[in-house]
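Protein sequence lines correspond, in order, to chains A and B.
With UniProt numbering as the guide, the letters of the first sequence map in order to residues 1 to 202.
With UniProt numbering as the guide, the letters of the second sequence map in order to residues 1 to 118.
The set of hints was computed from the structure by calculation and includes no laboratory data.
Glycine included, C-beta positions come from ideal geometry on N, C-alpha and C.
Take these hints with a grain of salt, some might be off.
Calculated from the model, a selection of chain A residues having no Cβ within reach of chain B, i.e. all distances over 10 Å [claimed, not checked]: (1) 80; (2) 88; (3) 117; (4) 120; (5) 147; (6) 151; (7) 153; (8) 161; (9) 162; (10) 166; (11) 168; (12) 196.
Stretches of chain B that chain A covers, calculated by requiring three or more beta carbons in the stretch to come under 8 Å of a beta carbon on chain A [claimed, not checked]: (13) 30-39; (14) 60-69; (15) 82-91.
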Amino acid sequence: MDSATSEPTAGQHLAPSVARSVKVLVVGAFGVGKTTLIDSVSEIEPLRTEEQITTASVGIDPNHPEKQTTTVALDFGRLTVSEEIALYMFGTPGQRRFWDLWAGLADGAVGALVMVDTRSIEASFEVLDQLELRTKMPFAVVINQFPDSPQYPVERIRAALDLLPTTPIVRCDARNRTSSAQALIQLVEHALTFPAFQKAPA
Amino acid sequence: MSQGDEYRDHPVRSYVLTSGRAHPTRNTLRPETLLVAVDGRPAPTTATRQQRDLVRLCRGTLALAEVAAYLALPVSLVAVLVSDLVDSGHLTIRSNHQAHVLPGRDILEKVLDGLRNI
Numbered sequence: 001m002d003s004a005t006s007e008p009t010a011g012q013h014l015a016p017s018v019a020r021s022v023k024v025l026v027v028g029a030f031g032v033g034k035t036t037l038i039d040s041v042s043e044i045e046p047l048r049t050e051e052q053i054t055t056a057s058v059g060i061d062p063n064h065p066e067k068q069t070t071t072v073a074l075d076f077g078r079l080t081v082s083e084e085i086a087l088y089m090f091g092t093p094g095q096r097r098f099w100d101l102w103a104g105l106a107d108g109a110v111g112a113l114v115m116v117d118t119r120s121i122e123a124s125f126e127v128l129d130q131l132e133l134r135t136k137m138p139f140a141v142v143i144n145q146f147p148d149s150p151q152y153p154v155e156r157i158r159a160a161l162d163l164l165p166t167t168p169i170v171r172c173d174a175r176n177r178t179s180s181a182q183a184l185i186q187l188v189e190h191a192l193t194f195p196a197f198q199k200a201p202a
Numbered sequence: 001m002s003q004g005d006e007y008r009d010h011p012v013r014s015y016v017l018t019s020g021r022a023h024p025t026r027n028t029l030r031p032e033t034l035l036v037a038v039d040g041r042p043a044p045t046t047a048t049r050q051q052r053d054l055v056r057l058c059r060g061t062l063a064l065a066e067v068a069a070y071l072a073l074p075v076s077l078v079a080v081l082v083s084d085l086v087d088s089g090h091l092t093i094r095s096n097h098q099a100h101v102l103p104g105r106d107i108l109e110k111v112l113d114g115l116r117n118i
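With the rest of the complex left out, here is chain A (with noise of 0.2 Å):
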């Protein structure tokens, strides 16, 4: 790791009015876009930080626990909503052997976009096992449209995902902000249908 200290440049502190933040958590298998979409909406230049975990591998010995440390980046950016509210946007591999990562960053979280690509429909399967056995975390589920993905009927999709039928679906290119922001508004507006969301300010 890079021990020199980057400065942040002009703009990149947050308005001083600013005072709340949320996070929503981007998910997904290796190589899907989750860096993209975030890159797309986010007001500044993603950024990266490296998280240590004790990953949970078979034959870990518990009086050395630092031995079996890994590394998982973590991508994230960030937009100002209103006056009052930035929101930032945490990407993260979504696999089981990264739980400790995710508990923490889950914490607050209002939600997931659980990125998945037609090509590999399969590498999908453990995040989203990982959400609804671990998590009471609303998500919803965004095709990141690939020029050569397999257009699939969205129907289709939800069945070979074994999607409740509230789950939303969202078609999106990660690359344009426009429709990387629809991903977003489409989580929002189904976590406020979660109880969780629905009682007075905090």
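Given the coordinates of chain A, work out where chain B should sit on it, guided by the hints.
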């Protein structure tokens, strides 16, 4: 993006920077927690280079994850440094919502309005 770009093993980074501590003194810090330096309070004379850099970065509001990215240090490690600087009165937590509290409906409506303006 290649798999190797997102996931790799590398030697454990020294926690010397945090005097060996892996956990912050407060557990309300999240990657999106907003931080800002307390006006006119430079880092303490005993501060490490990382703490000084941290206070300087926070002369405007930034989230913990942003600070970590600029410092090129893991979020969990920066949380320890931030926590100490909050305790010593050099940094304040700008976003004062409690951890584990989900944003309310009013906040989500404002987020939607902002996204629809894109």
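Hints, verified against the model:
Consistency note on residue 80 of chain A: stated as away from chain B, yet its beta-carbon is not over 10 Å from all of that chain's, at 8 Å minimum. Non-interface call for residue 88 of chain A relative to chain B: violated, since the shortest CB-CB distance, roughly 4 Å, does not exceed 10 Å. Remark: the non-interface label on residue 117 of chain A is consistent with the geometry, its nearest Cβ contact in chain B lying 12 Å away (cut-off 10 Å). The Cβ of residue 120 of chain A sits about 13 Å from the closest Cβ of chain B, beyond the 10 Å cut-off, so the non-interface label holds.
With a least beta-carbon separation of about 17 Å from chain B, residue 147 of chain A lies farther than 10 Å from that chain, consistent with its non-interface assignment. Every Cβ of chain B is farther than 10 Å from the Cβ of residue 151 of chain A; the closest lies at roughly 24 Å, confirming the non-interface assignment. Under the 10 Å C-beta cut-off, the non-interface status given to residue 153 of chain A relative to chain B holds; the minimum distance is some 27 Å. Consistency note on residue 161 of chain A: stated as away from chain B, and its beta-carbon is indeed over 10 Å from all of that chain's, at 22 Å minimum.
The beta carbon of residue 162 of chain A sits about 26 Å from the closest Cβ of chain B, which is more than 10 Å, so the claim that it is off the interface holds. Listed as a non-interface residue, residue 166 of chain A keeps its Cβ farther than 10 Å from every Cβ of chain B; the least gap is roughly 17 Å. For residue 168 of chain A, the non-interface assignment is confirmed: its Cβ lies about 14 Å from the closest Cβ of chain B, beyond the 10 Å cut-off. Against the 10 Å criterion, residue 196 of chain A falls within the reach of chain B, whose nearest CB is about 5 Å from its own CB.
Counting residues of the region 30-39 of chain B whose CB lies closer than 8 Å to any CB of chain A gives 5, which reaches the minimum of 3, so the coverage claim holds. Proximity of the region 60-69 of chain B to chain A, defined as three or more residues with a beta carbon under 8 Å from a beta carbon of that chain, is established by the 8 residues found. Judged by the Cβ-Cβ criterion of 8 Å, the region 82-91 of chain B is not covered by chain A as claimed, because only 0 of its residues qualify and three are needed.
Checked against the numbered hints listed earlier, the structure breaks hints 1, 2, 12 and 15; every other hint is satisfied.
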